[in-house]
Amino acid sequence: MSLSKIKFDKKIVLSFWIILIALIIAAPTLLPVFRLNLLGRYLSLSIVALGVDLIWGYTGLLSLGQGIFFALGGYCAAMYLQITSSTEFPNNIPEFFALYGVEKLPFFWEPFRSPVFTFFAIWIIPALVAGLIGFLVFRNRIKGVYFSILTQASLLVFFNFFNGQQKLINGTNGLKTDVTQLFGQMVGSESMQRIFFWITAILVIAAWFFAKWVVKGRFGNILIGIRDDEPRVRFTGYNPVIFKTIIFSIAGGLAGISGALYTVQSGIVSPQFMTVPFSIEMVIWVAVGGRGTLLGAILGAVFINYAKSLVSEALPASWMFIQGGLFILVVTALPEGVLGWMQGDGPRNLLQRFGLKRKIETYPSLEVNKKGDDYE
Amino acid sequence: MELLLDSLFNGVAIGSVLLVAALGLAIVFGLMGVINLAHGELMMLGAYTTYVTQLIFKLPILKPFYNSYIIVSIFLAFIVSGVVGILLEKTIIRKLYGSPLETLLATWGVSLILQQFVRSVPLAYGTGLVISLLIGLFLPTIFPSKIRESINYKYFKFSSWIFAALTGVLTGSVISSSVSKLSRASARNVDVTAPSWMRGQVEIIGTAFPKTRLMIIVITIISVIAITLFLNQSAWGMRIRAVTQNRQMSDCLGISTEKVDIITFGIGSGLAGVAGVAVSLLGSVGPNVGGNYIVGCFMVVVLGGVGNLLGTVLASFGIGIMTDLIGAGRLLSIWPDMPLPLSNTINFFATTSMARVMIFALIVIFLQFKPTGLFPQKGRMVEN
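Protein sequences appear in the order of chains A and B.
For the first sequence, our numbering begins at 1 and goes up steadily by one.
For the second sequence, our numbering begins at 1 and goes up steadily by one.
A portion of the hints provided could be inaccurate.
[Claimed, not checked] As a list, the in silico DSS-like pairs of lysine-lysine whose alpha-carbon atoms are at most 27 Å apart:
hint : chain 1 : residue 1 : chain 2 : residue 2
1    : A       : Lys10     : A       : Lys143
2    : B       : Lys146    : B       : Lys95
3    : A       : Lys212    : A       : Lys143
4    : B       : Lys259    : B       : Lys95
5    : B       : Lys370    : A       : Lys143
6    : A       : Lys143    : B       : Lys95
[To be verified] What the simulated footprint calls covered on chain A by chain B, stretch by stretch (three residues with Cβ under 8 Å from a Cβ of chain B suffice, anywhere in the stretch; the number is not a length):
hint : segment
7    : 138 to 145
8    : 279 to 286
9    : 317 to 326
10   : 337 to 343
Hints were generated in silico from the structure; no laboratory data involved.
Glycine included, C-beta positions come from ideal geometry on N, C-alpha and C.
One chain only, chain A, in its complex shape (with noise of 0.2 Å):
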């Protein structure tokens, strides 16, 4: 299930590089503002697809709690925005502090007033934080469905945390970013949002880059061991534990530049980043565009997203069946999800099927035992 399977001509993948570019490129006068702020914001979604691939579609860890992460990056940089742009208000801090009767910035929010550690903070916190987590289950073998519900728990005592304290995060409000000002330029101006999005454009590629670079070589086939089996791997000599961890906070890291790029998009971020539904949507656009192909899961998160914006404005009561259908059909019918579908045997058994392709002849033997059940 990897890329490699197909061989493109080096010409073709050029063109399709300065394709891609000019449209990255001329994206901001082709769309309306609407619409590339929806794409951009899509995009951006597609990085923290990227790390529940990595995950998942690699190491077979099936985390319902990557909201965590994504929130906790939108939380960094919303309160860098925030506190930045607070100096006309009272004690010099972000004006919701003064409905709850706080003078003083906690503590812990002292250091996001320097740009430069929010840049790290953004991708470093949630990678500490899924490396915590990961490191604290899987070092008790806990995995599988045990593993998936433990984050969702988890993901929820964080929404409960996050929801309750006004005195210190604006609790269920949020924190907004679209009146706050970076670099003297208000963050919701069409002008900042061009830029954002070729930003997000751009570390949309460079995390592909780096997700591609991770899987492939040594540490890629240990991943990919640990999800086929992980006694073996671990008989071999590997300790599974420490590259759980190093995955799982990697996923973190970028769910956390995700959440940040998606916070500054849409405006605002809350603790509604971290309810259930949206951490198993982040699931299902993987396993739509073809988990272990981390092309699928770019693919996956924009066209699964533009549906959902397209289908909610037509008939909004019908994209919760189209959705809850979408999820049984994948997982049943269509287990590899579109791309791997497309790069494995699908077309041409559809074409065969419709009688538009030979059929390869193939040993009878070699179709017994196809679907490798009886070694269990």
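Go by the hints and put chain B onto chain A.
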């Protein structure tokens, strides 16, 4: 003393809702290794069944029996959620056997569909649909095998589904024409009112306890006893325990694991329905009602370990009592002159949502020492 009793009662009341809800989840998880994310929505169906039953019992024919509707709705909720669960097992979960993560995602899809279903389909026709499912699934099986063999089974099944569909449409339209509240779809929350004999409070040893809470505790005790008896005394219970311990071996010894799966899933889902009745007594009922309880159920399953009812019981009451102790800040009133930093910490966590944070942290710490829960299953496998 009174304070302690009060706290204990509140904790047991919270824990008993958790227990009924988690019982079904734990049994299914122990048997099939599958976590059903639609469990909360099956609870929601149970709660809506209570609502529908209540409205139907207000009809002139059934009016004299109105006070007993809550008892009837317990059985009906068990059947409704059980039937939906069996359908779920037959159509989706069976196909995903051996891949629990995929099952998790598919059941999440089911839960989304169920939520939207109660929002956009009138409850009367929803009832009709459940009735036709019930008939369609069970009509072919109740005839003696002699009759079944004499006719072509395919036609037999087909005609019974047609009969089922007709009955469903008929009941749906009868209900919708006679109870106007059920004839329109609505996303609004509905309220179940307890019958008069369940309102008010009872005094035990000088403390007043609300009757609805006592009723919930009674429902829980009866369900736990019934399940324990079923698992330990009946033939099917023995088969379920056998398959839970070793699926392949039981299969080899001639136990139909397929049937065991269906029965267990049906019972687990039915228990979710019973939990739904309890939930409907505590607050208003809406499409999202199940989501409030489901993560608590997961914690019970994680804490209690797999395939052991005692673990589930202890874990539910443990979590229930801890929630009350931390969430209501009762430790402070039990020990008023504790040092300041400690009391500040306790005050910080003294809300229901912050209590959840604390309990989760405690569970994660607990798992560091006992990763497989209170009562782990003994085995020598690498996996598990």
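Tested hints:
{"no.": "1", "hint": "A/Lys10 / A/Lys143", "in the structure": "violated (42 Å)"}
{"no.": "2", "hint": "B/Lys146 / B/Lys95", "in the structure": "violated (31 Å)"}
{"no.": "3", "hint": "A/Lys212 / A/Lys143", "in the structure": "holds (25 Å)"}
{"no.": "4", "hint": "B/Lys259 / B/Lys95", "in the structure": "holds (14 Å)"}
{"no.": "5", "hint": "B/Lys370 / A/Lys143", "in the structure": "holds (14 Å)"}
{"no.": "6", "hint": "A/Lys143 / B/Lys95", "in the structure": "holds (22 Å)"}
{"no.": "7", "hint": "138 to 145", "in the structure": "holds (count 6)"}
{"no.": "8", "hint": "279 to 286", "in the structure": "holds (count 3)"}
{"no.": "9", "hint": "317 to 326", "in the structure": "holds (count 7)"}
{"no.": "10", "hint": "337 to 343", "in the structure": "violated (count 0)"}
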